[in-house]
Amino acid sequence: MKTHLTVNGKKHDLEAVPNTLLVHALREQLGLTGTHVGCDTAQCGACTVIVNGDAVKSCNILLAQVADAQITTIEGLANQDGTMHPMQSAFKECHGLQCGFCTPGMVLSALDLCKKHPNANDREIRELLEGNLCRCTGYQNIIKAVQHGAATMKS
Amino acid sequence: MGASDFSKLPHIGESLRRKEDYRFLTGTGQYTDDVQMVNMTHAFFVRSPHAHAHIKSIDKKAALAAPGVIGIFDGKDVEGDKINGLPCGWLITDTNGQPMKEPPHPILAHGKVRYVGDHVAMVVAETLDQARNAAELVEVDYDVLAAVADVRDAAKCTALHDIAPDNHCYKWAIGDKAQVDAVFSKAAHITKLDLINNRLVPNAMEPRCAIGSYSRANDEYTLYVSNQNPHVERLLMTAFVLSLPEHKVRVIAPDVGGGFGSKIYLYAEDVCLTWASKKLNRNIRWTCDRSEAFLSDAHGRDHSSHAELALDKEGHFLALKVHTDANLGAYLSTFSTCVPTILYATLLAGQYKTPQIYVEVDAWFTNTAPVDAYRGAGRPEATYLIERLVSRAAWETGLGQDEIRKRNFVTSFPYQTPVALQYDTGDFEACMREAQKLADVANLETRKAASAAKGMLRGIGYSSYIEACGLAPSNIAGALGARAGLFECGEVRVHPTGSVTVFTGSHSHGQGHETTFAQVVAARLGIAVENVDVVHGDTGRVPFGMGTYGSRSISVGGAAIMKALDKIESKAKKIAAHLLEAADTDIEFAGGEFSVKGTDKKISFAQVALTAYVPHNYPLDKLEPGLNETAFYDPTNFTFPSGTYIAEVEVNPSTGEVRLDRFTAVDDFGTIINPMIVEGQVHGGLVQGIGQALLENCVYDRDTGQLLTGSFMDYAMPRADDFPHFTIGHICTPCTHNSLGTKGCGEAGAIGSPPSIINAVLDALAPLGVKELDMPASPHRVWQAIQAARA
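As given, the protein sequences belong to chains A and B, one line each in that order. 22 is the number that numbering that gives the first Met the number 0 gives to position 23 of the first sequence; each next residue is one higher, with no gaps. 451 is the number that numbering that gives the first Met the number 0 gives to position 452 of the second sequence; each next residue is one higher, with no gaps.
Incorrect hints may appear among the rest.
[Claimed, not checked] Only pairs whose alpha carbons sit at most 25 angstroms apart, straight line, appear in this in silico SDA-like list of lysine to any residue:
| # | chain 1 | residue 1 | chain 2 | residue 2 |
| --- | --- | --- | --- | --- |
| 1 | A | Lys143 | B | Glu13 |
| 2 | B | Lys453 | A | Asn120 |
| 3 | A | Lys9 | B | Gln29 |
| 4 | A | Lys143 | B | Lys453 |
If you're looking for bench data, these hints aren't it; they were derived computationally from the structure.
The shape of chain A in the complex, shown without the other chains (with noise of 0.2 angstroms):
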């Protein structure tokens, strides 16, 4: 079955069998592979993608679920030119990463964050990425990373 979608700001009619997750798709199809697979029970979070501008595990959902949607995924978030986003930067900045694994999910995460809660405060923070496992930094790192990221863009 084909289906029609638009990832970070670039049209594509997919040609899939139906049972195709939308993380496969991303992966596989279209080479989009800072989309990461770390777990097969929608725990980790590492496969989180914006989708219509809510934070989406693409692992727990199906291709033909996102037909007509606009996704972005880590890829699609810094500028043309490579100039980071002012979340990818902030997690730079504050060694919210490690081995990197997670951190795809947890930027995307950490942006669906800040604009459904824009005042959280740290525990609450710590709470809304309840959905995202990181084995390495601890979180504590990835809390004011998320925290600095959202001073940035408010400024």
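With chain A's structure known, arrange chain B on it following the hints.
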């Protein structure tokens, strides 16, 4: 250059932001599963659903006829091609003088399966779905046997291996039992403790993944693999398993999404893919599902111990005796056997001058996944035991948790422990003082009263850990049973324009070597960090390496680079002397410039580099052109990071819920090159250690050996909202025997934190009479402990 001069160089001690971050933040990193190749096929492993069974037959007919299937391999094919089993890297000698029982570890099961998830067959097909579907058509007829999962049941259950009829791998001991017993017979007080160090699943966020590839053109293999030490992977695979010449195999570990020990080892899948890539003349990819990772990754910990501490009437430790049963799982993984022995028992002196120690370890086979090193490896188990025991002794003798520790701290260095190690430096009292200050222990009673007013119980827990890192002096490791050297290799390649590429045998999978190592080189050569790139993780580019584990990268890998830099500096000085028309001995090098002592004559590093490659005006009769040096560094001792951690928890006595309210860690890592990265390592280690203490637990059904915690749905991974912000501090006593003064920081958090948490929970529950509690301190367990104490 020595450690003292090194620590004063510009940019050493600065939190430079990481060079590797851009690619990770923009989705342009390349993990193994991101590697694209033509001619790709996909592998799926048929795994045993039983913990213990004879394989009566394997019928591959229907599966071979399934769409897209290219090949199916099982134990018979392995035997037919004379492929050996996976080797164990560490030989332990039993107290009876015999070598440990070392059963075969076949890459695909032959005749028998020994744990749920054991590899039975590999199906290769054009697509992953086809491989997965065909795997369901592989008919395996099993004759199910009784299984054992709990180490305490191992001796009385059906044997896994013919050579170990009672499932006993080895008995190992250190210390003088008779002397220890004599001290115990006269001790004023004896504190006793039984405890379990819970089994854990490492769960790096990137599941294991590998691609086997073979080129007929050159008769060469390439293995892409998510691995922490590609050279060792290659050495073990070629020399011991596949009997291939090493130069025909290239192992590439590209970006690796975390390891924590679980990716040190040579796994069966890696060998299967390499072997089959030639047989099928196709590239073969295997990516582990998370559920499959739970079954097949090497697990960590799983000790059951009894410990006794003899004290005099002032609370001084007189002697310690420990018996530990260690679960090795079904087969011996690469480093499994050294974890409960060399990496465990030798750390049981802790920070204390206990004069007599005797430790006895029985290691057992069970029908569970192999157990091997997981962040800390043996040292968390030692620290948990000693620090739980010391806090219990404090409560029994009426001393404070801090006071009993201070009374027994080692205070002069070097210090020879009764269990083989010699600590070079440390300042244990300073760490504790700083931790108490940062933790605001002075106001604990006020916080306790505030908690009590809410009906909550507040407790404080101490842990003063020491670990042996920087593995290891090869001759000592060899004498202790290591079948490998534990040096490291570094190559510094100065390019004609003065920029530098560094090749290191250490591997970075989150630790930030590309930044820290570049910082070391840039500081030494007086050039910009941007002009230094670090290459790791590729046997085709890096001369050799022993990889990253045991917090060894900077202290061993960094020291190798320092040695190579010494050679670079020495040669460059000769070139500079020639250009400046001075004697070699009159040349000084600082801030990226060579100068002639006592004159204003100088020349830049870049000019010297250019001259080395364009040697028109050059002492060609005395010196080779080029500026490219390689060094191997073998440490002369372990390094000994240490510290004191203080946890403060609030326990809800009605629900058993434990809330970690405050956590303070003060570590002595010696010289710190990049504080931001070091702090990140501490945070990560803490969350894994606190995760063990409060959340994580790998559970097998005791009767059937079925894994009950097989996914993130039933294995509690630490999440952001499980923690407060940590308070981190440092004391610095530089390591005395490497050129950087560094001690390593990767594992400390996971080593030091578990006992501080449980000690805090027990301190909180003391008014209720609770004295026993095993990890993890889940609400259910704590509630049960409260009920038991009340009954």
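Now for the hints, and whether the structure bears them out:
no., hint, result
1, Lys143(A) x Glu13(B), "holds, 19 angstroms"
2, Lys453(B) x Asn120(A), "holds, 24 angstroms"
3, Lys9(A) x Gln29(B), "holds, 23 angstroms"
4, Lys143(A) x Lys453(B), "violated, 30 angstroms"
Hint check: a violation occurs at hint 4 only; the rest are consistent with the structure.
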